[in-house]
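With chain B fixed as given, assemble chain W onto it according to the hints.
Going line by line, the protein sequences match chains B and W.
For the first sequence, the numbering used here assigns the number 119 to the initial residue and increments by one for each residue that follows.
For the second sequence, the numbering used here assigns the number 21 to the initial residue and increments by one for each residue that follows.
Worth flagging that the hints you see were computed from the coordinates, not collected in a lab.
It is possible that part of the hints are untrue.
Here are the computed distance ranges between Cβ atoms for each label pair [claimed, not checked]:
no., chain 1, residue 1, chain 2, residue 2, range
1, W, Arg171, B, Pro499, 44 to 52 Å
2, W, Pro193, B, Phe345, 56 to 64 Å
3, B, Arg236, W, Leu34, 27 to 35 Å
4, W, Glu46, B, Val445, 49 to 57 Å
5, W, Arg171, B, Gln175, 48 to 56 Å
6, W, Glu158, B, His425, 32 to 40 Å
To give an idea of the chain W side of the interface with chain B (calculated C-beta under 8 Å), a few residues [claimed, not checked]:
no., residue
7, Pro78
8, Gly80
9, Ala112
10, Asp115
11, Val123
12, Thr164
13, Thr167
14, Val168
15, Pro190
16, Leu191
17, Gly207
The beta-carbon is built from N, C-alpha and C at its ideal position, and this holds for glycine as well.
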Amino acid sequence: MFAVILIPDFSLHALLRFNPALRGEPVAILTGEGRRARVAEVSAGVTAVAPGMTAAQALAECPALQLLNPSLVAERETGALLLSVAWTLSPWVEPAASGRCTVDLTGANADTLPAQLRAVRTQLSLQGLPVKIGVGPNALLARYAAHLAAPDLWVRDAGAFLKPLPLSLLELTADEERLFADLGIRTLGELTAFPRAALNNRLGGRGDALWSRAAGEWSTPLQPAPFPARYRAEAVLEEAVETLEPLLFLLRRFCERLALEVGQFGQGTARLALTLQLDNEKHYHRTFDLPEPTARADTLFATLENHLATLQTDSPIVGLSLEAFPVRRLQTQEGLFDTGLKDAPMFYATLGRMAAIIGADNLGTPHHADSHQPDAIALRPPAPIVPERRAPAAPAAHGPLLRRLRPPMPATVELTETRPSFLVSSLARGDVTALRRPVWSNGEWWTPGAFAREEWDVQVGSGLYRLLHAPDGWFIEGIYD
Amino acid sequence: MSSGSDKVVALRRLLDERFPAAHPRESRLIPTGVPAVDHLLAGGLVTGTLTEFVSVVPSGGSQLSLGALLLSTRLARQRVALIDAAGSFDLAGLDDDAVAHLVWARCETLGEAWRVADLAARDPNYAVIVIDVRGFPERELLRTKDTVWVRLQRAAEHTETAIVIQTTTPLVPNAAMRLTFDHPLDGQSLVQPRVAVLAALTPTLQRARQRQRTA
Numbered sequence: 119m120f121a122v123i124l125i126p127d128f129s130l131h132a133l134l135r136f137n138p139a140l141r142g143e144p145v146a147i148l149t150g151e152g153r154r155a156r157v158a159e160v161s162a163g164v165t166a167v168a169p170g171m172t173a174a175q176a177l178a179e180c181p182a183l184q185l186l187n188p189s190l191v192a193e194r195e196t197g198a199l200l201l202s203v204a205w206t207l208s209p210w211v212e213p214a215a216s217g218r219c220t221v222d223l224t225g226a227n228a229d230t231l232p233a234q235l236r237a238v239r240t241q242l243s244l245q246g247l248p249v250k251i252g253v254g255p256n257a258l259l260a261r262y263a264a265h266l267a268a269p270d271l272w273v274r275d276a277g278a279f280l281k282p283l284p285l286s287l288l289e290l291t292a293d294e295e296r297l298f299a300d301l302g303i304r305t306l307g308e309l310t311a312f313p314r315a316a317l318n319n320r321l322g323g324r325g326d327a328l329w330s331r332a333a334g335e336w337s338t339p340l341q342p343a344p345f346p347a348r349y350r351a352e353a354v355l356e357e358a359v360e361t362l363e364p365l366l367f368l369l370r371r372f373c374e375r376l377a378l379e380v381g382q383f384g385q386g387t388a389r390l391a392l393t394l395q396l397d398n399e400k401h402y403h404r405t406f407d408l409p410e411p412t413a414r415a416d417t418l419f420a421t422l423e424n425h426l427a428t429l430q431t432d433s434p435i436v437g438l439s440l441e442a443f444p445v446r447r448l449q450t451q452e453g454l455f456d457t458g459l460k461d462a463p464m465f466y467a468t469l470g471r472m473a474a475i476i477g478a479d480n481l482g483t484p485h486h487a488d489s490h491q492p493d494a495i496a497l498r499p500p501a502p503i504v505p506e507r508r509a510p511a512a513p514a515a516h517g518p519l520l521r522r523l524r525p526p527m528p529a530t531v532e533l534t535e536t537r538p539s540f541l542v543s544s545l546a547r548g549d550v551t552a553l554r555r556p557v558w559s560n561g562e563w564w565t566p567g568a569f570a571r572e573e574w575d576v577q578v579g580s581g582l583y584r585l586l587h588a589p590d591g592w593f594i595e596g597i598y599d
Numbered sequence: 021m022s023s024g025s026d027k028v029v030a031l032r033r034l035l036d037e038r039f040p041a042a043h044p045r046e047s048r049l050i051p052t053g054v055p056a057v058d059h060l061l062a063g064g065l066v067t068g069t070l071t072e073f074v075s076v077v078p079s080g081g082s083q084l085s086l087g088a089l090l091l092s093t094r095l096a097r098q099r100v101a102l103i104d105a106a107g108s109f110d111l112a113g114l115d116d117d118a119v120a121h122l123v124w125a126r127c128e129t130l131g132e133a134w135r136v137a138d139l140a141a142r143d144p145n146y147a148v149i150v151i152d153v154r155g156f157p158e159r160e161l162l163r164t165k166d167t168v169w170v171r172l173q174r175a176a177e178h179t180e181t182a183i184v185i186q187t188t189t190p191l192v193p194n195a196a197m198r199l200t201f202d203h204p205l206d207g208q209s210l211v212q213p214r215v216a217v218l219a220a221l222t223p224t225l226q227r228a229r230q231r232q233r234t235a
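Isolated chain W (complex conformation):
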C-alpha cells in the first residue's frame, strides 16, 4: 500500500505529464550588483519567486542595495518597476541615465501599493519588481492579507519576473529567500566611495527555499 506522500508524488508526476504548460517557467538569475547579496542568493534574484529584504536597522544598506540593483539591471537593459508604498525613493546620488529603465509608482497607502504591485506582477515586460513598504508601521504591515502574497507568487510564477519586497519586519510567508540587513553602516560610510560601502555590506540569509520540481 502506498503512503500518502507517494500518492502526492504520483499525482504531481501525472499533472506534469498531462499539463506541462501549467508549470512555472524555467527560472533564471538576475544579479543584484551587491557582492554579498549575490553570494547569499547563489548568483542573484531568482525569477518567478519572491525575495524579501528586511531592514532591521534604519541604515543597514538596503536602499544602497536597491541602487545597486538598479545599476545592474540598467547595464543589462532590463526593465524594473519600483512600487514605492511610502514614496521615499530619491534620485540623489543617481544620474538620470541610471534610472532610464525604471518605472516608479509613487503610492500613498499600503493598499494602493498592493493593488499596483498585483498589476505590475502580471505584466511580462518587467524583469524585476521591487515593492518597498518601508516607512509603514509594523502593525500595519502585519495586517497584510495572505491573499496578497499568494497572488503575487502566482503572478510571478507565470512571468519571468523576480519580485523583491523591502520591509522592516519579516512579512512574506511564501518568500523563497529572505535577507536581513542587520549590520548598521557607520558615519564613515558617508564619505567612503560607494563601491567600498557596497563591498562592506554584510546581510544575513534567513531563509532559502529554492523552487524544486518533482522529477
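Just chain B, with the same shape it has in the complex:
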C-alpha cells in the first residue's frame, strides 16, 4: 500500500508560510519572466483570476492582486518539512517536486494508519499548509487519489475508481488533448476501453504509456530519500534584515522542522549551532548547549530568542544557518522522593533571561566561599534536583539573621572607654543601649586584599546593628532582623 501526500498550490502556501501577513490577501504566484510571466497559482477566494493568465490580465480582473515570484528558500524549507512529516509514516519516502511525496506503507498497521494519516495532516495544518492524502494499492493510484482527495481518499476498487477520472490526470500535451477530444475520449475509463494496440499504433510508445497509466499500472520502483546526515537549515535572505522580528520568524520555522527531524527516532538535540552571515561579509557564530536533550521546537526557539534579544551585529544579516546535533535522550529515573524540575527547559530559559538582566555573576545558588574574608559568598549554578537536607554539623544557631548593607554605611561613633556609646548615621541615631562582643579579625595580609576589622553588635533605638571599625573609619555593616 502507498500513500501520496500532496500540498496543493505548493509555491503559494510555502510563501504564505513564511509571510503570514499575506494570508487572507489576494495573492498570485507568477512563473516565467517579463511579458511571458503567467499566473501559476492563485490564493483561494480570488475567483476572477485563473492560472495561465498574464500578469496584466490578472491585474485587470483583480486590481488588489499581489503578484509574487516563488520563494526558493520557502519552498526548500517547506519541502524538507513535508519530508520530515512523511518519515513519521515510513522510512521509505520518495520526494517529488511541487510539494508531493510518495510513501511506501508496506508493513504499516492498517488499524493505526488512519490515525497516523490524521496526525500528518494535523502537523502540516499547524504550519498553515493544506494537505491532501491519497492511499492506494500502488503509487500511481495513490497519486490520482491525492489529486482528488478532500482531504483523504482511499482507493479500494481500482477499476471503479479509475473509470470516471478525467484525462487531465495524465498530464497530456496540447496535441494529445486535441486528439482525444476528437476521438470523444474524456475519462480514463473511456481511454482504457480503447484498444491498447490501436493507441500504440497511433501514438507509438507514448500511447502505450498513456494507456498503462490510465489503467493504473505502475512498475517503477520507489527511490526513497536518504535520511539527513546533518540536521541543518539555511537560508540566503532576499533582503538584508536589520530587525529581530523577521529573523525570529525564520528561525521559528527552522526550529519546527529540525525538532521534527531529530525527534524521529526518539532522539533529541542538546546542541544548536547558529551562524549569521552579515552584509559586511563577516560571520557571527554561536553554539548553544541545552540543559538536556530535547525535540521540542518551542524550547529550541526560546533558547535562540533569548540570545538574539540582546544581540547587536555590526551589519545587517543577509543569511543564516541553524544546525541541530542529535543525541540520544536521557533515560533516567529520579528517586522516589527527589524533587526535580517540573519544566527543565523553562527553568534554564528563565535563568538565562534573568542573567541577561542582572548579569550571570549575580545569579545562582549561594555558598560560603573558601576564604576568611568577611562577606565571602560565591554563587554556583542551581542544581537540577534539590537533594535531601543533611543534618548541619555546626551547633544550633543563635540570634537573628544579618541583613547586610552592601556597601557598608558610613557612621560616626562616639566611644566611652573604647566602647561605642553613641551612633550617628543616616540609618540610626542615638545612644547605644546594648552591646555585644567586639570581634577582631584580620587576614590575607599577604595579598592586596588584606583586611583588619573590629565588629560590634549594638542596639540603638529599635534596631540591632553590626558596627564595623575598619582602618578607614566606622560603618554600619548590617542590620540584625
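Below, chain W without anything else, positioned relative to chain B:
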C-alpha cells in the same frame, strides 16, 4: 428584575462552566516555619497569591522569618527564588546545605528586581518567590506601577507558586495577606537560641483576603 450583582454571579458561573481551565489552580499551603506567622496565615503561605511582610521597625524579625522559610522549604525540598533588590541577603548564620534549593538573584535597582521577579513568577519550578525590596526609600517604593502587582498576581495564579514581598511600608494593593513586623527584637535576642527568637516573634496580621471562588 435581577440586580447587577446577580448578573455578575451568573456571568462568573457561566465562565466557570465554559472555561474551567481559565481559573486559578487549587491553592495549597507552604509553611513558613515561623509559628506565629503560620498561625496568622492559617497554615502558611497560600500558593497563587501575594503575601506582604512589612518591616515597620529595623529589627522586627522579618529576615529571621526569611531564614525560617528557607529552612522549611529546604526540608520539603522545594525550590525558592530570592529576588534581592538591594543585594542584602547574607549567609552568616546559615550553612551551605540550608540554601541548596535557593536561587538568589542579586539586583542593583528596583527596576531590575521587578523585571526579574516577573520572569521568575512565570516559571512553574519555584514553590516560593521572595521579593525583598527593603533597603530602598519609601518614596521610591511607592512609585512602583500597579501593573507590576497585577502581572505578578496573574502569573502567580497560573503557577503553584507563593509570592512573598518584603517591604518597609505597605505597598502591595492586591496582597492577599499582609503581616507587619512591628515588635522590635531586643539586645538579648542576639545571644538567645534562634529557635527561641523565632518563637518570640509576634507579627500582626493587617489584611487577610482569602481567594474565593463563586460556587
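Hint check results:
1. W:Arg171 x B:Pro499: 44 to 52 Å: violated (27 Å)
2. W:Pro193 x B:Phe345: 56 to 64 Å: Distance hint for Pro193 of chain W, Phe345 of chain B holds at roughly 58 Å.
3. B:Arg236 x W:Leu34: 27 to 35 Å: Taking Cβ atoms as reference, Arg236 of chain B and Leu34 of chain W lie about 33 Å apart, which means the hint holds.
4. W:Glu46 x B:Val445: 49 to 57 Å: violated (38 Å)
5. W:Arg171 x B:Gln175: 48 to 56 Å: holds (54 Å)
6. W:Glu158 x B:His425: 32 to 40 Å: About 38 Å separates the Cβ atoms of Glu158 of chain W and His425 of chain B, which means 32 to 40 Å holds.
7. Pro78: holds (3 Å)
8. Gly80: With a minimum Cβ separation of about 7 Å from chain B (threshold 8 Å), the hint on Gly80 of chain W holds.
9. Ala112: Holds. Min distance 5 Å.
10. Asp115: holds (5 Å)
11. Val123: holds (5 Å)
12. Thr164: For Thr164 of chain W, the interface hint is violated, since the closest Cβ of chain B sits about 17 Å away, which is over 8 Å.
13. Thr167: Given a least distance of 17 Å, the restraint on Thr167 of chain W is violated.
14. Val168: Result: violated, 15 Å to nearest chain B Cβ.
15. Pro190: Constraint on Pro190 of chain W not satisfied, violated at 18 Å.
16. Leu191: The hint is violated - Leu191 of chain W has no Cβ within 8 Å of chain B, the shortest such distance being about 17 Å.
17. Gly207: holds (3 Å)
Consistency with the previously given hints fails for numbers 1, 4, 12, 13, 14, 15 and 16, ordered from lowest to highest.
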